[in-house]
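Novice: These are the residues of each chain, in order.
2 protein chains.
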Amino acid sequence: MDDSTREIEHLVNLMAKLPGLGPRSARRAVLHLIKKRALVMTPLANALQNVAATARECVNCGNIGTQDRCDICANEKRATGQLCIVEDVADLWAMERGQAFGGRYHVLGGTLSALDAVGPEELRIPKLLERIRAEGITEVVLALNVTVDGQTTAHYIAEHLTHVSVTSLAQGVPIGGELDYLDDGTIQAAFKARKQF
Amino acid sequence: MDDSTREIEHLVNLMAKLPGLGPRSARRAVLHLIKKRALVMTPLANALQNVAATARECVNCGNIGTQDRCDICANEKRATGQLCIVEDVADLWAMERGQAFGGRYHVLGGTLSALDAVGPEELRIPKLLERIRAEGITEVVLALNVTVDGQTTAHYIAEHLTHVSVTSLAQGVPIGGELDYLDDGTIQAAFKARKQF
Ligand SMILES: [Zn+2]
Ligand SMILES: [Zn+2]
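Protein chains in written order, with the UniProt record's numbering: chain A, 1 to 197; chain B, 1 to 197.
Pulled out of the complex, with its shape left as it was, chain A reads as follows:
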């Protein structure tokens, strides 16, 4: 086995570890990439290198960006007094695709879980309470997944908030459903029909 075969095997093994890809689809993807070396493989390698070198978590909200503060936190137009709480960045992206919300986000980084020993300190919840005071937040929109852990977390947060209106996405989010699976229209409807929590 020459160096290239080893290098290709190494690449297949790395690809196979990505969520959604197994060994077979990783092999297919690598052969596809090798066939399209100039058009796809090199641009993909460059894009990965760029993002790996520049991407970081926003110190304020947990979103991904290149600066200490992400583009949403840095955007003064989004200082609406509304703060949308999501579990992870994929959910923030889903909300943004819905284009229903013009305020800022707070990415928890997961849900409270007694089983996995995840408490408020692990979840950027102290930072949330700090932001609500510092940024003049008047409404907190809970956009957590409609799962047991998501709703436990929503209730925990709601109980610890005072002097702000707390709403939650309501209509359209199916029981057991996860935000990132919903189409944009469903997210829009759920946002518009948000109700007092």
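None of these hints come from the bench; they were simulated from the model.
It should be emphasised that the depicted structure is a prediction, and the values quoted were computed from it without experimental measurement.
Some clues are possibly wrong.
Same chains, same label: a pair holds when it works inside one copy or across any pair of copies.
Claimed, not checked - With a straight-line Cα cutoff of 16 Å, these simulated EDC-like cross-link-like pairs (lysine to aspartate or glutamate) come out:
| id | residue 1 | residue 2 |
| --- | --- | --- |
| 1 | Lys35 | Asp88 |
| 2 | Lys35 | Glu57 |
| 3 | Lys192 | Glu96 |
| 4 | Lys192 | Glu139 |
| 5 | Lys36 | Glu57 |
| 6 | Lys127 | Glu57 |
Add chain B with the ligands to chain A, keeping to what the hints say.
Specialist: Same frame as chain A, but now just chain B with the ligands:
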């Protein structure tokens, strides 16, 4: 939208074009990579860059390697007089995983297809006839997919070969099945039970 957001979107779009990944799994994969920047993303970028810079088709058999001749063609131990004909490199890899075959390969690069106007010249078939003379081949093993086009191609090749024994993978390959989907044991059984074509 800052540069990073654009760069991340660009990366998601590139990933979404890989076979087996759609937009949603591409977003999940990119977030997973960003979380594991040092451990996974940078090594993946480097592996892609290495393979993109070095991978090329073997001029002899069509396999992927770093040299003009791949490691199998360059390996004198594999000059057994047996030549295994496969449609593409994924099938060659599947045969190698089966560990049943010790000779060399010839990768056609597809199948004959009247519909898609794929003739013998498009398929490395002239090179095959040249190799059979030059490499002292005594047995050609047809390991083509059991599809209409695969079997048409197998028959075409068998008709144009003289003075060599022509066998084909037989037992264990299901009708309509494709080699790359089979488990290693099935491939071994099919190879051992190969029959006169
Ligand atoms: Zn931010
Ligand atoms: Zn070769």
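Novice: Quick one: Lys35 to Asp88, C-alpha cut-off 16 Å, is that within a copy, between copies, both, or neither?
Specialist: This pair counts as between: shortest inter-copy Cα distance 11 Å, intra-copy 35 Å.
Novice: One pair to classify: Lys192 and Glu96, alpha carbons no more than 16 Å apart. Within, between, both, or neither?
Specialist: within (14 Å within a copy, 57 Å between copies)
Novice: Go through the copies and call it for Lys36 and Glu57: within, between, both or neither, with a Cα cutoff of 16 Å.
Specialist: between (32 Å within a copy, 12 Å between copies)
Novice: Pop the pair Lys192 and Glu139 into one bin, within, between, both or neither, using alpha-carbon distances up to 16 Å.
Specialist: within (14 Å within a copy, 71 Å between copies)
Novice: For the identical chains here, do Lys35 and Glu57 meet the 16 Å Cα criterion within one copy, between copies, both, or neither?
Specialist: between (35 Å within a copy, 9 Å between copies)
Novice: At most 16 Å between C-alpha atoms: does Lys127 with Glu57 qualify within a copy, between copies, both, or neither?
Specialist: For Lys127 and Glu57, the Cα distance is within 16 Å only inside one copy (14 Å; across copies 54 Å).
Violated hints for the displayed structure: none, as all numbered hints are satisfied.
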